[in-house]
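Peer 1: With the hints as your guide, set chain B onto chain A.
Going down the list, the sequences are from chains A and B.
Oh and the first sequence: position 90 is 90 in UniProt numbering, straight run, nothing missing.
Oh and the second sequence: position 337 is 337 in UniProt numbering, straight run, nothing missing.
For the record, the hints were derived by calculation from the structure and aren't laboratory data.
Fair warning: this is a prediction, and the values are worked out from it, not measured in the lab.
All C-beta atoms, glycine included, are put in the ideal place defined by N, C-alpha and C.
Some hints could be false.
[Stated by the list, open to error] DSSO-like, lysine-lysine: derived pairs with alpha carbons at most 30 Å apart:
hint, chain 1, residue 1, chain 2, residue 2
1, B, 589, A, 15
2, B, 502, B, 589
3, B, 452, B, 435
4, B, 519, A, 126
5, A, 126, B, 10
6, B, 516, A, 126
7, B, 638, B, 387
8, B, 387, A, 73
9, B, 519, B, 550
10, B, 516, B, 452
11, B, 14, B, 742
12, A, 145, B, 638
[Claimed, not checked] These stretches of chain B come out as covered by chain A in the derived footprint (C-beta under 8 Å, 3 or more residues):
hint, segment
13, 387-398
14, 565-575
15, 617-631
Listed below, chain by chain, are the residues.
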Amino acid sequence: MVLHVHQLEKKYKNKLILENINFSIGGGEIIGLVGPNGAGKSTLMRSVLGLEEINGGSVQINNISHNSPEFFKYISFLPSDNYLYMQLTGYDHLSFIANVYKIPPNDIEDIIDLVGIRSYVNQPVKSYSYGMRQHLFIAVSILTKPLIILMDEPFNGLDPTSTIELKQLIRTLHGQGISIVISTHNLDILEDLTDTIWFIKEGKLHTNQLESKIDVPYEIKCNPNHDLAQLMQDSELPFQINENRLITDAAHSIEIYLQWLLKQDIQIQSVNPLKRNLEELYRDFYDV
Amino acid sequence: MKDIIHFLMKGWLKSKYIFLFPIAMGLLVCILLGINSTQSGATKNELQETFDNRKETVRLLISSMLTKERVIGLTPDERESLDILLLKEEHIKEILAKINEGDLKIAQEQLAYINEYETYTATTKFIPYLNQDALKLERLMAEHLLDYDLPYSEQITPYKTALFTKQLFQIFFSPITIFMLLLVFCFKYMADKEKRLFDFFKINSLSNTSIYYGYLVPLLSIVFMYILIASILSFLPPLLTGNINTIFYPLEVAVGSEMILVPVWKWLVFIPIGWGIFISFLLLITICLFKQQANLGILFSVISMPVFIGYLISLKTGFQIGNPIHLIASYEPHLLTSNRFVLYLLSMLLLLIFSSIIAYVIIRTKNIKLTIPQLNTTKKQYQSTQKFKLLQFEHIKKKRKGHILFTIILLFGMIGGVVVAVNEQYQTFPDKALKAIESYQNQIIKDQAHWKLVAEEFELEQALQRQMAEQAGEEMEILDENPFLLMIKQLENRYDAVESLKGEIHSPDFSETYRKVMKSLAPGSYKDSESTNTLTDMASEEQQMILEDKGITPWPLGHKWVSNFHDPSQAVDNDHFKRLKLYQEQNTKYDNSSLFAVYKFMDWNMMLFVLLLFVLLLWTTMAEERSPNPTINFLATKPIRLTSVYITKWLYNFVIACSLLLISSTIVLLVAILIGGFGEANYPILIYARERIGEHYFLSTADYAYFYFESLAALLVKSGILIIAQIYFLNSLFSFIGKVIKNHYAAIIVTFLIVIAGYTAGNYYIELTSSFYNPFVYFDTWNVIDGWKSIEANNGQVNFLSGTAILFVSGSLLFVIGLLFRRRVTS
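Bound conformation, chain A alone (with noise of 0.2 Å):
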């Protein structure tokens, strides 16, 4: 099952919100979809599943259109705007769910074990903390086993610790082949789950794999007494100094040059990936 985007075109008052929009998803894989305020991706989510009217291009779920109702036995929604029924309690919602995806009653109770929401299930939603209804949201958009799980800004005014849990089972869900795609501002947290980042930049969507912290130089901080160029003159391998630092070759594992300088009694004081993290490559990207 792969989710198919061609060409889609988003206007808003004659004015071009998406343009040219093409990915096929259902692999199994995390996605991080990043961009400023503004910049369209709530609107691209809203857009694939037909919640927002398109200009222009297709959206499928194999040959399912996303305007027919059977797209949605395949695709879950996280959204950040609070889309409950307040005088609802959790376990309505979620009943009314299973019903409609014919899913028996004991999934729900495994859910809610699964999301940690029991102890309120049965109230009114009304009564939730923004946090309780984040997590009741989770549990609606898991419970019908969806294969694409859309998430708009998922870690918003979540506590450290449903943070956590919240990264744990995304996790979870990806090693059961659930492809998810994370709208969030949260760099650190996106670049903690996935490389594999989507910028939005007017209107057109940028794919970005962030460097595998194998194939990176790294900077190798030593004790100041030793001569740090002449003892690496003898490994010959290829290296740069900068005071007592040493910059290790990409092309040759980090392994090597620390087993030879452990021969040689240095003290390495620490070991750091000279790679471009997320946030450097969103300042280049957006020139921040």
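Peer 2: Showing chain B alone in chain A's frame:
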């Protein structure tokens, strides 16, 4: 608090919807101005009719005097009387000339006429042809008008005087506007709460007192602005036409059996202030309840209870200075006839201040919660069924909101209220009968005066003829008795007969005795009469025969079934109105049975209010999924078609309305059976018809209408079917509006406006052929069922069958249009 007020006011004034209020108010003023200006003339006609009659009487007297003068000569006193009569005629001519020119500034001439009349009655032996009390009032009115140099003014359809301002005030500052404003404020509060505005205030270190008083003050400011705009708009017509001095125009107010003149300015002062204080009271209670987290159901229950109790107290015990209900109801005779209203308004203002202090304490209190406990605590899990999952979901949503419970409470209140009112009337009908007897006696006295005048004239005529005969030396046949004296005697007998009823008013057989006495005073069977017969006379007699055949005890009071042709609303002039009103009072029906209560429920058209209650509270539309909380996104991201949701909502509305109506009415009626019995299912009820369809139809040539009888049970079954059709249509209309409009509250208000406008237009333009197709015409349940609508429309097709068909067809059309109307989740 100042910051909150500023913040809220700024936000509200920025809303484009707020400007709809003055626009709608201006539109209303223009429409009413247009209608009134094209339909004015009632006062002019009334004055013309009065003075034409007086002219005729005076001429009769003058001709009588002149004849006497010509034949036997006049004594100096009689000569003086004749001179006065001639003067009176001159005054009447002057008055009529002015009226014909459209100039109603006749107070001076009128006073001169009244003076001459009084001189005339003081100097000669005369039977007054004018009621002394009425004359006294007329003099006061004329003196008052003269003092302020005012003409007589249009009272029913005014358009450029302060009377128009008063009419507008009674619309703008009515209990309905209080309800509507309160509703708008409640919806606004709930929307603000949904947006967590109060949390926003709290996190900014603001106290509860600041927040809730800060919320109350803008509400009161809006009320004040509303009063200001309404007052300015209402005063514009008299101000622009230079008729502002009409604020001194005197109006009649009945206090017991006396009529008192009250200047218009008292209404213009009292109405907006009284209304403003009353709504302030309600807003204060509302804010206190909001603070205690009461939901809409509890809120309206708690607010309506003191209002209802206050009203009941005023009904039972009359005026009470401490009862705030007089701010909006029953204030005219008790407050405006004197300057007592100033004291009353001041005491109410003090009460408001005192209430504010109590409210302050309540708002400061932290631990009171007035919500029904189970509404906010753990709920029983509902097990969804596969077959009716969407219907069940709609039901659980309404149930969890508490709207079903609240609707049931209100339904019980409305249906039970009718049962209570019917029983109340039944209990107090001896008092009503006493009033009817006294009114009848007053009418007899008036008639006696008329016939005494005629008898006097007749005797004079006889004397003249006798004198002429003596002069001519002829013998004249002398009548033993003045024939008019017989008529006067008959009236005296009537007076005594009804007087004897007073002694038996609390006897168990009173209604039977009353019926017999009244019947004995009426002429014989209509079948023996050679003249044309009214529908009331014919129907009453035919109904009596059916009742006797079936052995059914007639409902008290009176032996007549007053048809709608003799309803006071059909009166052609004031005198006619008084007679019809009296006739109706003498024959109003009372009973305490269950079926009679249902009949009254239909007759008072309570169903219209029940339908509006359904729209307000019970029913749901697609708009409810969009605003204030866009839950449509929840549904749209599930494998459910939105058309299925639309159909489900429509179906749910229909099923729940029918079910609740059936359950509540059955329970209330079972209780009513315990109180007053089931009632007579076969009671024959009059049905009007424009065309003759069956052999059993009677024709009244006087009223040009057919009639027949149907059993009460059959009519109630028909009413039930028509009500189902009304629910079907209104539900489709509301569902359609809810599909087009994105805001649930706006959908409710638009539906209300359409229903009120459609119903008003349907009844106002009933004679148009197109009114047959107006579905709202058929919301007047009982008038459709008893065929009166076909008489009003002058169209036999406006009946139960076509009404049901039109409601179902138009309802289906609206439903289908709504179904086909496409709207994206976000567009």
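Peer 1: Each of the hints needs a verdict: does it hold here or not?
Peer 2: To see whether the hints hold, each was checked on the structure:
no. : hint            : in the structure
1   : 589(B) x 15(A)  : violated, 71 Å
2   : 502(B) x 589(B) : holds, 19 Å
3   : 452(B) x 435(B) : holds, 26 Å
4   : 519(B) x 126(A) : violated, 68 Å
5   : 126(A) x 10(B)  : holds, 28 Å
6   : 516(B) x 126(A) : violated, 67 Å
7   : 638(B) x 387(B) : holds, 17 Å
8   : 387(B) x 73(A)  : holds, 19 Å
9   : 519(B) x 550(B) : holds, 20 Å
10  : 516(B) x 452(B) : holds, 28 Å
11  : 14(B) x 742(B)  : holds, 20 Å
12  : 145(A) x 638(B) : holds, 13 Å
13  : 387-398         : holds (count 4)
14  : 565-575         : violated (count 0)
15  : 617-631         : holds (count 3)
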